[in-house]
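K.L.:
Assemble the whole structure, with the sequences as input and the hints as a guide.
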Amino acid sequence: MDELMDDMYSEKSVFEEVHELIDELKILAKSKEELTKVNAVLKERLRALTGQTEGLEVIIKRTKEEFEREQSRVEGYGSAIDDLHSKKDRIIEEINRYKGNIKIVEEDLQNTVGVKNHLRDELSQVRDDKEIVVAKFNEIQNALNSVERKKKLIMPKFTEYDVILKQVHKAFKEVESKVSLSKIMHNYHID
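Anchor point for the sequence shown: position 51 equals 190 in the working numbering, and the numbering is continuous, going up by one each time.
It cannot be assumed that every hint is accurate.
[What the hints assert, rightly or not] Below, simulated BS3-like cross-link-like pairs (lysine-lysine); rule was C-alpha separation at most 30 Å, straight line:
id	residue 1	residue 2
1	LYS305	LYS269
2	LYS309	LYS275
3	LYS255	LYS317
4	LYS269	LYS312
5	LYS312	LYS291
6	LYS289	LYS275
7	LYS238	LYS227
8	LYS242	LYS227
9	LYS238	LYS255
10	LYS269	LYS309
11	LYS305	LYS291
12	LYS305	LYS317
13	LYS182	LYS171
14	LYS182	LYS169
15	LYS291	LYS309
16	LYS317	LYS291
[Unchecked claim] Distance windows between CB atoms, simulated:
id	residue 1	residue 2	range
17	ASP247	SER211	50 to 60 Å
18	ILE243	GLU209	46 to 56 Å
19	THR192	GLU214	28 to 38 Å
20	LYS289	ARG259	37 to 47 Å
Calculated from the structure, these hints are not laboratory results.
Every residue, glycine too, gets a C-beta built ideally from N, C-alpha and C.
P.N.:
Below is the structure:
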């Protein structure tokens, strides 16, 4: 009986085991169905992500190519900037040289204006001196003429004085011709 009980118990236990296995199979089937649905959703999502990834790879490739083009252009800008710096330095040197030349010219111009003013003052002084000399010369000429007239009236006997007066007169004539020549030369240089 014990055996029978054991057999029964064993049948019952097999039955329970089968039942449990069936329940597990049902659960597994349900899980399989859910996993199949999830798998289909994931496959669809994977396809979408793969498409997006391929699109992103194309975009990345284009962006990389564009970046490389821009980078080479930027490198070209660097050399252009260096050239501009070099040109700027040369232009600054040239400007500084011109500024130095302008300073020299301005100083020369100021010196020239100073010399010109000084020469004008000297010319004015020479003209004043010339007028004084001419006036004095005219006075002397008048005095000589007066002396000669008086000599002819008062002292016809003194031929000796006549010779001296002629020498003085000759000397004054030479001075007069030199003053005239100086005047002509001066006018020629000044005007």
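K.L.:
For every hint, state whether the structure bears it out.
P.N.:
Hint by hint, here is what the structure shows:
1. LYS305 - LYS269: holds (25 Å)
2. LYS309 - LYS275: holds (17 Å)
3. LYS255 - LYS317: holds (27 Å)
4. LYS269 - LYS312: The given pair, whose Cα atoms are some 16 Å apart, holds under the 30 Å limit.
5. LYS312 - LYS291: Given pair LYS312, LYS291 holds - Cα atoms ~20 Å apart, limit 30 Å.
6. LYS289 - LYS275: holds (21 Å)
7. LYS238 - LYS227: holds (16 Å)
8. LYS242 - LYS227: holds (22 Å)
9. LYS238 - LYS255: holds (25 Å)
10. LYS269 - LYS309: holds (20 Å)
11. LYS305 - LYS291: holds (13 Å)
12. LYS305 - LYS317: At roughly 18 Å apart (the allowed maximum being 30 Å), LYS317 and LYS305 satisfy the hint.
13. LYS182 - LYS171: holds (15 Å)
14. LYS182 - LYS169: At roughly 19 Å apart (the allowed maximum being 30 Å), LYS169 and LYS182 satisfy the hint.
15. LYS291 - LYS309: holds (18 Å)
16. LYS317 - LYS291: This hinted pair holds, its Cα atoms lying about 29 Å apart.
17. ASP247 - SER211: 50 to 60 Å: holds (54 Å)
18. ILE243 - GLU209: 46 to 56 Å: Holds: the Cβ-Cβ distance is about 50 Å, inside 46 to 56 Å.
19. THR192 - GLU214: 28 to 38 Å: Given a distance of about 32 Å, which is inside 28 to 38 Å, the answer is holds.
20. LYS289 - ARG259: 37 to 47 Å: holds (45 Å)
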